[in-house]
Amino acid sequence: MTKSFAVSRSTDTVLDVRNATKRFGPVLALDNVSIQAHRGQVLALLGDNGAGKSTLIKCISGVHQIDSGMIQLDGKPTLMRSPGSAREAGIETVYQDLALFDNLTPAQNFYAGREISFPSWLPPGLRFMRRSEMESVTNDVLERLKVTLPGAGATVALMSGGQRQAVAVARASVFARKLVILDEPTAALGLRESRKVLDLIAQLRDEGNAVILITHNMEHVTELASLAVVLRQGRKVGELIPTKANQHDLISMIVGG
Amino acid sequence: MHAKTPTTPKTGIAVSQERGASSTAVRTSLKLLGAGPVVILVALIILLGFLSPYFFTGRNLGNILSQTAVIALVAMGQHIVILTRGIDLSVGSNLALASVVGALVFKSTDSTVLVVVAMIASGGLVGAINGLVYVYGRLPHPFIITLATLSIAKGTALELSDGRAIQGMPDFVRAIGGGSIHGVPGSLFVVAGVALLFAVMAKTMVWGRWLYAVGGKPEAALQMGIPVKRVLISAYVISGLCAGLGALLLAGRTDAGSPLFGNLLELDTIAAVIIGGASFLGGRGHIGHALVGAIMIGVIRNALNLLNVDIFFQLIVIGVVIVIAVEADVLRNHLEGRMRVLQAAGQT
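Protein chains in written order, with the numbering used here: chain X, 1 to 257; chain E, 258 to 605.
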């Protein structure tokens with residue numbers, strides 16, 4: 001099995017999770033799960049509630065650590081000790097609660113916890129911020145991703161669910177050098193706002209990012225993903241290229257029919 | 258997933274049809290709400306000028322400023338704590354203890370430098386205890402620990418002073434607290450200097466941004482790798498240092514240290530921050546809010562004195578003003594929610 005992986009690993013494989021296993025006490029949350037994410041492609045991660053999707057992405061993004069198995073980034077085994085170390089390694093995760101600060105502007109949100117600052121010999125908290133630089137980068141990114149927001153300098157508190165989601169995804173796109181993970185990015189959005197976020201994900205993909213997308217929406221899977229992986233009770237139960245024709249196969253894999 | 262964000266398309270569209278272009282109306286209301294405290298303060302001052310011929314005399318204005326200085330200074334520290342969703346109930350007792358410590362140090366050493374250092378350090382120490390126990394004691398809310406240090410600091414101050422005021426402060430301290438330069442009270446320079454320092458730190462330093470992030474959403478701050486514990490501790494230390502500086506001003510003005518100083522100062526400073534327009538929910542407000550609120554309290558007290566209103570009635574008036582200020586904060590949150598709905602349904 002390991003050999004076949006070695007052969008199939010192409011140069012654009014960004015993330016390679018092999019035989020990941022994770023236990024929480026007596027519960028086997030992940031059982032020998034292997035997935036790969038490729039540059040410029042969206043990998044859909046499917047499964048019912050409690051199937052292990054969240055555990056898997058939390059292991060990849062450093063919130064949890066796998067008990068056994070291996071995570072490789074660009075072919076190098078990498079330990080994700082903390083969310084910080086995963087971010088440093090180039091993995092950005094957009095969680096369902098978005099981790100946005102309502103009282104801050106998009107630019108302040110983009111750089112929260114990693115402000116561009118000087119002088120470097122001071123401890124980070126005591127440094128001075130380069131505010132105009134942070135603002136211009138943010139504005140450029142929002143413009144490039146065609147995100148429309150209420151007036152410049154407005155705080156996130158004034159934004160709709162879709163706009164907030166767009167800010168969170170755009171933030172991830174700035175800092176992700178290797179992989180963006182999106183956890184149900186359209187779950188709370190109406191049709192029109194979902195459309196915007198889907199376009200944004202497509203753009204991230206086209207710009208060369210590897211994307212892992214968790215969703216319950218099969219339409220979104222067939223539209224965006226080049227590969228869908230289905231988890232059930234902590235195990236990988238299926239993997240296929242999603243098309244309109246095999247949506248039912250996907251759903252029956254998810255529910256275990 | 259976002260209970261706070263009512264963005265189902267159905268309600269969004271319904272609201273947008275109903276209210277048409279009310280997005281600008283909401284925005285204008287929010288701006289008015291933001292300017293509210295300053296407008297009210299200016300109106301109050303103009304009104305008082307008409308009601309009492311004595312109000313605009315230099316002596317009266319000087320009185321207001323020197324009485325407000327201590328509240329303003331300690332309120333700035335309180336503001337930083339409230340920014341992080343916290344509260345510091347210990348500031349009044351902390352100030353009393355610092356003044357007693359300063360008076361005792363002066364009695365035994367006669368050293369100006371030691372007196373000043375002792376008062377500020379005493380304040381900072383109580384603040385550090387607040388912060389450290391809150392964070393590392395894993396307390397659910399700072400209310401409890403600062404209530405405890407309110408009691409401990411007060412008891413220590415009474416114990417050290419035998420319950421009596423201790424006369425005598427160095428000339429330098431008396432000059433800062435009670436003196437004036439060309440009619441401008443010396444304490445005003447201290448308040449202005451600290452205000453400027455805090456404003457610059459909050460705006461330009463990474464630490465300032467982290468204060469707002471921690472107050473805005475503590476969980477997200479942790480996720481983004483902000484050292485939340487250290488930020489919280491720093492807020493309480495700064496509040497304590499401000500109490501120590503406040504002790505310096507009050508002891509200087511009265512030429513004494515007393516365990517009875519700072520009585521109900523925690524309420525005055527919390528009231529100042531809220532009346533000034535900062536949010537009690539954390540993450541919103543700036544140092545100007547604490548200053549405006551403190552001056553407002555000073556002016557209201559002064560006005561009721563000038564107009565011969567019963568001193569007990571002052572407490573009632575301040576209480577009513579607090580309720581109005583908190584309701585304004587609730588209204589602001591409501592308007593922001595409306596704005597989100599309009600955005601979801603609107604042009605974008």
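Hints were generated in silico from the structure; no laboratory data involved. Check before you lean on any hint, since a few could be wrong.
Claimed, not checked - Cβ-to-Cβ under 7 Å is the rule here; a few derived chain E residues that face chain X: (1) G443; (2) T461; (3) V463; (4) A470; (5) G473; (6) I483; (7) F537; (8) G540; (9) R541; (10) G545; (11) E593; (12) M596; (13) R597.
Note that this is a predicted model, so its numbers are computed, not measured. Quick reminder that beta carbons are idealized off the backbone N, C-alpha and C, glycines included.
E:G545 as an interface hint toward chain X, with CB separation required under 7 Å: violated, 16 Å
Would you check whether E:T461 satisfies its interface hint, that is, whether its CB is within less than 7 Å of any CB in chain X? holds, 5 Å
Minimum beta-carbon distance criterion (7 Å), E:A470 to chain X: holds, 5 Å
Hold the hint about E:G473 up to the distance rule: shortest CB distance to chain X must be less than 7 Å. This hint holds: E:G473 lies near chain X, its Cβ roughly 4 Å from the closest one there, short of 7 Å.
Is the shortest C-beta separation between E:E593 and chain X less than 7 Å? Holds, about 5 Å.
Against chain X, is E:V463 within 7 Å by beta-carbon distance? holds, 5 Å
Taking the least C-beta to C-beta distance, is E:G540 closer than 7 Å to chain X? Result: holds, 4 Å to nearest chain X Cβ.
Hint E:G443 vs chain X: min CB-CB distance below 7 Å? Result: violated, 30 Å to nearest chain X Cβ.
Chain X contact restraint on E:R597 - CB to CB distance below 7 Å: holds, 5 Å
The hint names E:R541 as touching chain X; please verify it with the least Cβ-Cβ distance against 7 Å. holds, 5 Å
Using Cβ atoms only, decide whether E:M596 comes closer than 7 Å to chain X, and label the hint accordingly. Interface hint status for E:M596: holds (5 Å vs cutoff 7 Å).
Let me know if the C-beta of E:F537 comes in closer than 7 Å to any C-beta of chain X, holds or violated. With Cβ-Cβ at 13 Å, over 7 Å, it is violated.
Violated hints, listed in ascending order, are 1, 7 and 10; each of the other numbered hints is respected by the structure.
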